[in-house]
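Participant: Residue numbers (my numbering), protein chains in the order written: chain A, 1 to 663; chain B, 1 to 322.
Calculated directly from the structure, the hints in this document are not laboratory data. C-beta atoms are modelled at their ideal positions from N, C-alpha and C, and glycine is treated no differently. A portion of the hints provided could be inaccurate.
Stated by the list, open to error - Coverage of chain B stretches by chain A, computed from C-beta distances (three or more under 8 Å per stretch; other residues unrestricted):
no., region
1, 22-35
2, 108-117
3, 144-156
4, 159-167
Claimed, not checked - Only pairs whose alpha carbons sit at most 25 Å apart, straight line, appear in this in silico SDA-like list of lysine to any residue:
no., chain 1, residue 1, chain 2, residue 2
5, B, 54, A, 557
6, B, 290, A, 536
7, B, 54, A, 536
8, B, 54, A, 451
9, B, 54, A, 549
10, B, 54, A, 541
11, B, 34, B, 186
12, B, 54, A, 538
13, B, 290, A, 553
14, B, 34, B, 261
15, B, 58, A, 544
16, B, 54, B, 215
17, B, 54, A, 552
18, B, 34, B, 185
19, B, 58, A, 573
20, B, 58, A, 549
21, B, 54, A, 556
22, B, 54, A, 553
23, B, 58, A, 550
24, B, 290, A, 573
25, B, 54, A, 544
26, B, 34, B, 260
27, B, 290, A, 557
28, B, 54, A, 98
29, B, 54, A, 559
30, B, 58, A, 543
31, B, 34, B, 269
32, B, 54, A, 548
33, B, 54, A, 543
34, B, 58, A, 556
35, B, 54, A, 551
36, B, 58, A, 538
37, B, 58, A, 542
38, A, 98, A, 451
39, B, 58, A, 536
40, B, 54, A, 545
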Amino acid sequence: MSGVALGALAVAAFLAALTRGPALALVYPVSALAAITLGVVDLRVLLTGADVAARLPIGLPGIGLHLRLDSLSAFFGIVINGGVLAASVYGMGFDRAKELTPRVEPLFPLFAAAMNLVVIADDAYAFLFSWELMSLASWALVVARHTDPESRRAAHLYLVMAAIGTAALLFAFGGLAGPAGGYAFDTVRAHPPQPMVAALVLVAALIGCGSKGGLIPLHAWLPLAHPAAPSHVSALMSGVMTKVAIYGFVRIAFDLLGPPVWWWALPPIILGAMTAVLGLLYAVLDRDLKRVLAYSTIENVGVIFVALGLALAFSANGQPEGAAVAMAAALLHVLNHSWFKSLLFLGAGAVLHATGRRDLDGLGGLIHRMPRTAAFFLVGALAISALPPLNGFVSEWLLFQAVIAAPALPQAALHFASPAIGAMLALAAALAAACFVRVYGTAFLGRPRSAEAAGAHEVPLAQQLAMGGLALLCILGGLMGSVLAVALAPVLDQLVGGGLPGTDSGPTLFSLVAFDPARSVYDAPIIALFVAIASLTTLVVVHRLSERRTRRGPAWDCGFPDPSPATQYTASSFAQPLRRVYGAVAFTARETVEMPAPGDTRPARFSVVVVDHLWRAFYAAPGRAVLGLSERLNVLQFLTIRRYLVLMFAALIILLSIAAVMT
Amino acid sequence: MTRDLLVQLLAQGAQMSFVLLIAPLAVGVVRRVKARLMRRQGPPLLQAYLDLAKLLRKESVVAESASWLFRSAPYLIFALTWVAAALVPSFASGLMFNWAADVVALVALLGAARALLALAGMDVGTSFGGIGSSREMMIATLAEPAMMLIVLTLAIAAGTTRLAGVADFFIAEPFAVRVSLALSLIALIIVALAENARIPVDNPATHLELTMVHEAMVLEYSGRHLALIEAASHLKLVLYLSLLICLFAPFGMAPATAGLYGWAIGLVAWIAKLLGSAALLGVWEVSIAKMRVFRLPDFVGIAFVFGFLAILLAFLTRGVLA
Numbered sequence: 001m002s003g004v005a006l007g008a009l010a011v012a013a014f015l016a017a018l019t020r021g022p023a024l025a026l027v028y029p030v031s032a033l034a035a036i037t038l039g040v041v042d043l044r045v046l047l048t049g050a051d052v053a054a055r056l057p058i059g060l061p062g063i064g065l066h067l068r069l070d071s072l073s074a075f076f077g078i079v080i081n082g083g084v085l086a087a088s089v090y091g092m093g094f095d096r097a098k099e100l101t102p103r104v105e106p107l108f109p110l111f112a113a114a115m116n117l118v119v120i121a122d123d124a125y126a127f128l129f130s131w132e133l134m135s136l137a138s139w140a141l142v143v144a145r146h147t148d149p150e151s152r153r154a155a156h157l158y159l160v161m162a163a164i165g166t167a168a169l170l171f172a173f174g175g176l177a178g179p180a181g182g183y184a185f186d187t188v189r190a191h192p193p194q195p196m197v198a199a200l201v202l203v204a205a206l207i208g209c210g211s212k213g214g215l216i217p218l219h220a221w222l223p224l225a226h227p228a229a230p231s232h233v234s235a236l237m238s239g240v241m242t243k244v245a246i247y248g249f250v251r252i253a254f255d256l257l258g259p260p261v262w263w264w265a266l267p268p269i270i271l272g273a274m275t276a277v278l279g280l281l282y283a284v285l286d287r288d289l290k291r292v293l294a295y296s297t298i299e300n301v302g303v304i305f306v307a308l309g310l311a312l313a314f315s316a317n318g319q320p321e322g323a324a325v326a327m328a329a330a331l332l333h334v335l336n337h338s339w340f341k342s343l344l345f346l347g348a349g350a351v352l353h354a355t356g357r358r359d360l361d362g363l364g365g366l367i368h369r370m371p372r373t374a375a376f377f378l379v380g381a382l383a384i385s386a387l388p389p390l391n392g393f394v395s396e397w398l399l400f401q402a403v404i405a406a407p408a409l410p411q412a413a414l415h416f417a418s419p420a421i422g423a424m425l426a427l428a429a430a431l432a433a434a435c436f437v438r439v440y441g442t443a444f445l446g447r448p449r450s451a452e453a454a455g456a457h458e459v460p461l462a463q464q465l466a467m468g469g470l471a472l473l474c475i476l477g478g479l480m481g482s483v484l485a486v487a488l489a490p491v492l493d494q495l496v497g498g499g500l501p502g503t504d505s506g507p508t509l510f511s512l513v514a515f516d517p518a519r520s521v522y523d524a525p526i527i528a529l530f531v532a533i534a535s536l537t538t539l540v541v542v543h544r545l546s547e548r549r550t551r552r553g554p555a556w557d558c559g560f561p562d563p564s565p566a567t568q569y570t571a572s573s574f575a576q577p578l579r580r581v582y583g584a585v586a587f588t589a590r591e592t593v594e595m596p597a598p599g600d601t602r603p604a605r606f607s608v609v610v611v612d613h614l615w616r617a618f619y620a621a622p623g624r625a626v627l628g629l630s631e632r633l634n635v636l637q638f639l640t641i642r643r644y645l646v647l648m649f650a651a652l653i654i655l656l657s658i659a660a661v662m663t
Numbered sequence: 001m002t003r004d005l006l007v008q009l010l011a012q013g014a015q016m017s018f019v020l021l022i023a024p025l026a027v028g029v030v031r032r033v034k035a036r037l038m039r040r041q042g043p044p045l046l047q048a049y050l051d052l053a054k055l056l057r058k059e060s061v062v063a064e065s066a067s068w069l070f071r072s073a074p075y076l077i078f079a080l081t082w083v084a085a086a087l088v089p090s091f092a093s094g095l096m097f098n099w100a101a102d103v104v105a106l107v108a109l110l111g112a113a114r115a116l117l118a119l120a121g122m123d124v125g126t127s128f129g130g131i132g133s134s135r136e137m138m139i140a141t142l143a144e145p146a147m148m149l150i151v152l153t154l155a156i157a158a159g160t161t162r163l164a165g166v167a168d169f170f171i172a173e174p175f176a177v178r179v180s181l182a183l184s185l186i187a188l189i190i191v192a193l194a195e196n197a198r199i200p201v202d203n204p205a206t207h208l209e210l211t212m213v214h215e216a217m218v219l220e221y222s223g224r225h226l227a228l229i230e231a232a233s234h235l236k237l238v239l240y241l242s243l244l245i246c247l248f249a250p251f252g253m254a255p256a257t258a259g260l261y262g263w264a265i266g267l268v269a270w271i272a273k274l275l276g277s278a279a280l281l282g283v284w285e286v287s288i289a290k291m292r293v294f295r296l297p298d299f300v301g302i303a304f305v306f307g308f309l310a311i312l313l314a315f316l317t318r319g320v321l322a
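All chains should be modelled from the sequences, with the hints used to inform the complete structure.
Facilitator: Put into structure tokens, the structure is as follows:
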């Protein structure tokens, strides 16, 4: 059945590549149907625990193409197909005459199919093939608006980083396969690599999957490429493709690499925590709506990597309960982030569609003109800020429980790391709240800052439906987090050999319990019920007791209301305190005010300098080095044949002498 | 069984009403102590109740550019803060719904109330609303990591993140004085000052434009909406005072198994400690000046450093580093 659905996606891609005009709109209903079918198959495998495996006689000679749908693949399949479904429904709302282009529609189902293929691949060749297909399809989608130089630059950087990532994965699978070259995952599992090789494989996997997921310092392409694509594709890239990257790391580190060693936990934890904080510091200073969302994706990927690192640490110390809490946090965050980030990107797409702008300082007041989009976006913004009772908090709570349990690990490095990790995660959570209050407050609240924002309109029904569905999932996922955690049990068992305490161990059926009910319980429905009762009681009581009259009047603003919307706080002014507190450290941000002397008629100037040290150190400097080196080596292109022969002969001699010394 | 359930339900309801009823009194005590120390007459102790009643009787003026978020936020903020306040053990540790949220969830509930308030501050589209929201969120980013470290220390000491469990642990071992707990106490006091917009972080008694944080956010509110916001900030003060009392001075608190008699003692002890700490807050507020906004990172940074030291000492006392 899933084969049929994947086939349908491929056929849709093929047909869309041939057709032009309104017929392209058919792509989205077909993709939605295929996503539903695949999702149902995944769900059945996850719930029944019955693996499905297939071997096709294509692929590498003698190996064939192995496919397998186990609990882990099924879980990630659900994440993927949920995102594809939402993006497809959103796509159905596109204007048939104006918004369909043959540069996007054929690639959309191809991208969806490639992501599905990655998670069901059961040998290295199939994995790398579908991984590359996914990269190239998304690259082509990024470059869809090729007339824009920004898009071209983003696509170029993306292509380079994707190539580096795939090369690293190639090494990882080479190491896993060993000298015998067993590329099927079953063979790898049966012969786990030597400790040294395993460490190298882990590093390679971290580079390969981290570059796709946006782990710092491999993140630079992501905030350029994700926003450059059409919004529903951005939703897929940020909400779903980064999860495929997480899948790759989980598959390698927890399944193929054999029993973990405790220090494997350190690189993902340290890089993840840095990514979480820095990602948000970038986000909170950026003024482009979609780029802010992309930076926040980096943060969430960092949070997931921290959780995965903790799971590795617990697992290596033979503490399956702690590992299960950390792994459940990681997997639930994968699911939750795919929902709210897709929602937010679709919302950003709706804003872009309605106003044609994505610069926060040109928006404002959209809650009046796009009430439904505004309501859905609000749910997403609160969910991503990890606020209860929405879904983002469920995974955040589990992760904090895992961090709080980490001092019980025997290694001193992990002791010292745990408070630092806890503080960095708390900082990330608080920054996320600040970031999304800023985004929502400037884009949707206040007064419109431009004519486009003042003349915005609500988006088509299909797009509202896609956002509304995701918003509903964010709310339900928050209330029913314990149910989702129970559904994860087979995946947890497969990866770390442990599980969360069941729903019957807590005070009520919907209590989320970490470790032990006497230790930590979070009961979202009870809290939500209490808040609902309390706010309704207050509403009724206050309206009985109080003067019910409400008058509309001009804003008070301390007695000096200014009719110009330019006097509102903008996204830049909102970020100013944060820039002074954190930016001065992280980006050596400096503000200068040039105030002309009294009597001077020149305008005063305010300028801010922000230095992206990561870009300088990891991209600009190596880029310059490569360029310089290639200019030096350019002479090699213009030698005579005689000299080439001498060079080749010398190389041969050197190699032979090395070989002679080595043996 | 049914009777037990009813008693438990009543006790939980009692706590919800107690925190609500006593909150304005605690604020009145702070104001009164401050006024007397400055040799002023000061408002009557019950002035905060009268203010709320007055605000409820007035009509609400809502700015023309305000949306539904502006009008519904006060109810949600009040409800979230009220529920959070009701979840902190006050006179008894084993109340019916104390288990529903541990301290991590409690902090997050307050975070939700804060985010809504900051959004409401930006809704009208004035410069003051924005200034308040942006500073409030900046202060939160400083306070939350420190709070997380405090939680971590408590969890290491008591082995649980449930407040009732931590309180029970301290009731059971009241005399085990630990340096790490003293450090966490200082850290938590600083966090509480920052979260409640008290001096030196913010001055609740001023409308001086350049220093406002909390007041700037709620500048556009009036009538019943303002009453709810004010009541919520009173509740938040009681919540943090109760939290400090429950964690660092839990004596007198009725343990989980106590009967009505124990509850009565617990109630008297809680009210006495609450009003006593409110008086201490008043003394603190007259003895220190408000800080510039950009000095705050240093002040809240102290909480962070103390929180970190507390954890390292907690490791040492447990011997895990030896």
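Participant: Is the hinted pair residue 34/B and residue 260/B satisfied, with a Cα-Cα distance of at most 25 Å?
Facilitator: violated (36 Å)
Participant: Are the Cα atoms of residue 54/B and residue 559/A separated by 25 Å or less?
Facilitator: Judged against 25 Å, a Cα distance of about 22 Å means the pair holds.
Participant: CA of residue 54/B to CA of residue 556/A, is that 25 Å or under?
Facilitator: holds (20 Å)
Participant: Regarding the pair residue 58/B and residue 544/A, is the alpha-carbon distance no greater than 25 Å?
Facilitator: Within the cut-off at roughly 13 Å; holds.
Participant: Are the Cα positions of residue 54/B and residue 551/A separated by 25 Å at most?
Facilitator: Holds, at roughly 17 Å.
Participant: Is the hinted pair residue 54/B and residue 215/B satisfied, with a Cα-Cα distance of at most 25 Å?
Facilitator: holds (19 Å)
Participant: Are at least 3 residues of the region 108-117 of chain B within less than 8 Å of chain A when you compare beta carbons?
Facilitator: holds (count 6)
Participant: CA of residue 58/B to CA of residue 542/A, is that 25 Å or under?
Facilitator: Answer holds: residue 58/B to residue 542/A is near 12 Å, not above 25 Å.
Participant: Sort out whether residue 557/A lies within 25 Å of residue 290/B, counting only the CA atoms.
Facilitator: Holds: residue 290/B and residue 557/A sit about 23 Å apart, inside 25 Å.
Participant: Does the structure keep residue 54/B and residue 545/A at a Cα separation of 25 Å or less?
Facilitator: Holds: residue 54/B and residue 545/A sit about 11 Å apart, inside 25 Å.
Participant: Is the hinted pair residue 54/B and residue 557/A satisfied, with a Cα-Cα distance of at most 25 Å?
Facilitator: holds (22 Å)
Participant: For residue 54/B and residue 543/A, compute the direct alpha-carbon distance and say whether it is at most 25 Å.
Facilitator: holds (14 Å)
Hint compliance for this structure: hints 1, 6, 8, 13, 14, 19, 26 and 28 are not met, and every other hint is.
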